[in-house]
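Q: Sequence:
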Amino acid sequence: MTNESVCTRRSVVAAGAVVATAALTACTTYGKENAAPAPNPAPTGNPAGADQPAGKALAKTADVPVGGGVIVGDTVVTQPSAGTFVGLSSVCTHAGCTVASVSGGTINCPCHGSKYKLDGSVSNGPATKPLAAKTVRVVGDSVVPG
Numbered sequence: 002m003t004n005e006s007v008c009t010r011r012s013v014v015a016a017g018a019v020v021a022t023a024a025l026t027a028c029t030t031y032g033k034e035n036a037a038p039a040p041n042p043a044p045t046g047n048p049a050g051a052d053q054p055a056g057k058a059l060a061k062t063a064d065v066p067v068g069g070g071v072i073v074g075d076t077v078v079t080q081p082s083a084g085t086f087v088g089l090s091s092v093c094t095h096a097g098c099t100v101a102s103v104s105g106g107t108i109n110c111p112c113h114g115s116k117y118k119l120d121g122s123v124s125n126g127p128a129t130k131p132l133a134a135k136t137v138r139v140v141g142d143s144v145v146p147g
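When you line the sequence shown up against the numbering used here, it's residues 2 to 147, in that order.
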């Protein structure tokens, strides 16, 4: 055996160890996000004494279809039934991808096919935990954080 072949074998073994370590690390972080339980629906109308939104509007109420929703940055805003608005994280609880669409009555992740109901609960895996709740409220004709 030559020194050159030993170095090549060592390089292959070392590279394999690095890949195995990376794979194990990725697997051990799966499912460690603490997703909140199903969110509370947002109240409709102006809360007492609130004339202006606390922050920038996520969406106009008219832009969130009944039985559907919209994705705005890191927030999904859904309207499961008329006048009930729900805020959710846009981060899939399976592997941390960002959900890509709200269609057919579900919130859909493109990475591994997870689907969530409009209240954030899992409709179809591989995800096993609901989307994290985000508090939203309606002020005038806008859905705002908080």
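In short, the hints are calculated from the structure, not lab data. Take the hints with a grain of salt, since some may be wrong.
Claimed, not checked - Derived DSBU-like pairs: lysine-lysine, alpha-carbon spacing no greater than 30 Å straight-line:
1) Lys116 <-> Lys61
2) Lys130 <-> Lys57
3) Lys61 <-> Lys118
4) Lys116 <-> Lys130
5) Lys57 <-> Lys116
6) Lys130 <-> Lys118
7) Lys57 <-> Lys118
8) Lys61 <-> Lys130
Every value quoted in this text rests on a predicted model; they were computed, and no experiment measured them.
Q: Each hint: holds or not?
A: Hint-by-hint comparison with the structure:
1. Lys116 <-> Lys61: holds (24 Å)
2. Lys130 <-> Lys57: holds (29 Å)
3. Lys61 <-> Lys118: Holds, at roughly 21 Å.
4. Lys116 <-> Lys130: holds (11 Å)
5. Lys57 <-> Lys116: Holds - the C-alpha atoms of Lys116 and Lys57 are around 28 Å apart, at most 30 Å.
6. Lys130 <-> Lys118: Holds. Lys130 to Lys118 sits at ~12 Å (cutoff 30 Å).
7. Lys57 <-> Lys118: holds (26 Å)
8. Lys61 <-> Lys130: Within the cut-off at roughly 28 Å; holds.
Violated hints are absent here; each numbered hint is respected by the structure.
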